Amino acid sequence: MSENRVVRLLGTVGGAGMDLVLYLGGLGCLFKESLRYFTVLALGLGGRKRGGFRTLFFQMVRIGVRSVPIVSLVVFFVGMIIALQMAYVLKGFGAPQAVPAVVGVAMLRELGPLLTAIVLTGFAGASIAAEIGTMVVSEEILALESEAMNPIQFLVMPRVIASALMLLCLTIFANFIGILGGFTISGLILGLSPNFYYAQTVEFLKVQDLLTGLIKSVVFGTLIALIACQEGLRVKGGAEGVGRATTLAVVYGIVALISTDLFFSWFFFKVL
Amino acid sequence: MTETKTQTPAVDTKREPVIRVETVGMDFSGRIVLDSVSMDVYHGETLVVMGGSGCGKSTLLRVMIGSYQPSRGRVSLFGQDITNLSEKEMDKLRLRFGILFQSGALYNSMTVGENVALPMHEHTDLDDGIIDIMVKMKLELVGLRDFGDLMPSQISGGMKKRVGLARAIALDPEIIFYDEPSAGLDPIVAGVIDMLIMDLSKKLGVTSVVVTHDMNSAFKIADRMIMLYQGRVVASGTAAEIKSSADPVVQQFITGAPDGPIPLRMSKTDFGKDLIG
Chain D
0 MSENRVVRLL GTVGGAGMDL VLYLGGLGCL FKESLRYFTV LALGLGGRKR
50 GGFRTLFFQM VRIGVRSVPI VSLVVFFVGM IIALQMAYVL KGFGAPQAVP
100 AVVGVAMLRE LGPLLTAIVL TGFAGASIAA EIGTMVVSEE ILALESEAMN
150 PIQFLVMPRV IASALMLLCL TIFANFIGIL GGFTISGLIL GLSPNFYYAQ
200 TVEFLKVQDL LTGLIKSVVF GTLIALIACQ EGLRVKGGAE GVGRATTLAV
250 VYGIVALIST DLFFSWFFFK VL
Chain R
0 MTETKTQTPA VDTKREPVIR VETVGMDFSG RIVLDSVSMD VYHGETLVVM
50 GGSGCGKSTL LRVMIGSYQP SRGRVSLFGQ DITNLSEKEM DKLRLRFGIL
100 FQSGALYNSM TVGENVALPM HEHTDLDDGI IDIMVKMKLE LVGLRDFGDL
150 MPSQISGGMK KRVGLARAIA LDPEIIFYDE PSAGLDPIVA GVIDMLIMDL
200 SKKLGVTSVV VTHDMNSAFK IADRMIMLYQ GRVVASGTAA EIKSSADPVV
250 QQFITGAPDG PIPLRMSKTD FGKDLIG
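Going line by line, the protein sequences match chains D and R.
Heads up: the first sequence at position 38 corresponds to 37 in numbering that gives the first Met the number 0, and the numbers run straight through without jumps.
Heads up: the second sequence at position 14 corresponds to 13 in numbering that gives the first Met the number 0, and the numbers run straight through without jumps.
Same shape as in the complex, but just chain D (with noise of 0.2 Å):
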């Protein structure tokens, strides 16, 4: 009996290792021939095809430019927060006057990639992954690949080298945006004056800081696109895959990015 037990234990943790193999092994190649097809795209060896780049900026504007206010909102107040939280502590050291260096740092290195990410994830991760499947139960997809159209090509690819530069782009916004909300709440309620602000914030930010959160992004922006593909991409069964699917982006989409984000995180503080 406990022998079964066993057995059966190491099958179910075997089982799911080979799922997540799997299912990571289906990503990496989404990835590698997303890369390509944009190679091809970007050099134009694909001949006249016409349309590769109307897409792509299709999907860089859905992606990108709609997710803007929504970004703008969440890290202006996050930066508020920061401030006032950092205030809180900071002020029991004598030392308020450090609250512009804490948020530019956090905003950065960490707070203005993650969230700005998170956000995405659920913005256009989501209605990726539903629009990917619905496509499939629609027989969209074979629809296309019965035309000898190649739905990584003309579906996956766009989506992913989009939410790729879109996410640096927003993260660059976003980082300017959180700093703002840290300044706003400087300049409010803890009486530092705007020149002090301006000035500390420069002084104390380096460029690495900025370089290793936009690094991040890039990976955070080809992960949640890619997540997002994927799980549209395996949808089986009618309406109900297609919430699956979108549940699972997000969820999926998260869990990835914090757990990249942890890796990047010893990375630099190792390497840099």
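Bear in mind the hints are in silico, worked out from the structure with no lab data behind them.
Hints should not be assumed to be uniformly reliable.
[Stated by the list, open to error] Subject to a maximum C-alpha distance of 25 Å in a straight line, what follows is the list of computed BS3-like cross-link-like pairs (lysine-lysine): (1) R:K201 to R:K219; (2) R:K242 to R:K267; (3) R:K202 to D:K31; (4) R:K202 to R:K135; (5) D:K31 to R:K201; (6) D:K269 to D:K205.
These numbers were taken from a predicted model, which means no experiment stands behind them.
With chain D fixed as given, assemble chain R onto it according to the hints.
This is chain R only, laid out in the frame that chain D set:
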């Protein structure tokens, strides 16, 4: 476009099957969906594959268009075995056939006109102006020339199917596969679709494979029919031969009797035993 046409020898393919299905079987996680199906489709004819829901006819269609790899047997299109073909070679073959999907399967993010234009944009070097004209011609063929600027969500189910047909013939294919062309349509629109299928095969010499369970349209359009039941071909012949077939399965299917050799109750376990436990 026309280049694909000229590549194929037109006359001597007459008795050479365009599609050859040899003892094809298909299992899905242990469940046998297709047992062993063999059939040939000849140049220019309309073959109707009929059978009840779940008899494997949609699966057979997907095996023929190369989207499922059969578990057993071989499928050849234009004399080329597609069961072990690379994606690239398969894509070349895919340009030579079109498919009308059950729901039309239009790309919902594009207008009707863009749907029809997409295959031409991707697979030909034609100028945009010429493609516009070709799109108008294809849409006129299905009677929807004025609807090119609408989105798929703005047109009815029957119109979607007609646009799907216009897209399927965008590259002037040599074979067209129809998946339940009249399902979910009112009798008039179903009649229109039947007429289009016949027109395409008579006027353009297109080979057609129609998967359907609509007997009215099947008898109207078929040159030859086969009937699938439990993953096997149980009858084949001309429409007249099928109509006069003595096979009780075929007769039940034609008359639509609720019970007969095809049982009303699909459960394999004993009802009494199942209740008492």
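Quick rundown of the hints versus the structure:
A C-alpha spacing of about 13 Å is found between K201 (chain R) and K219 (chain R), which places the hinted pair at or below 25 Å, so the restraint holds. In summary, the hint linking K242 (chain R) to K267 (chain R) is not supported, as the alpha carbons are separated by about 30 Å, beyond the 25 Å threshold. For the hint linking K202 (chain R) to K31 (chain D), the alpha-carbon distance of about 45 Å lies beyond 25 Å, and the restraint is violated. A distance of roughly 19 Å separates the Cα atoms of K202 (chain R) and K135 (chain R); the hinted pair therefore holds under the 25 Å criterion.
Note on K31 (chain D) and K201 (chain R): the hinted pairing is violated, with a Cα-Cα distance of about 46 Å set against a maximum of 25 Å. Distance hint between K269 (chain D) and K205 (chain D) is fulfilled; the C-alpha atoms sit about 17 Å from each other, no more than 25 Å.
Hints 2, 3 and 5 from the list above are not met by this structure, while the remaining hints are.
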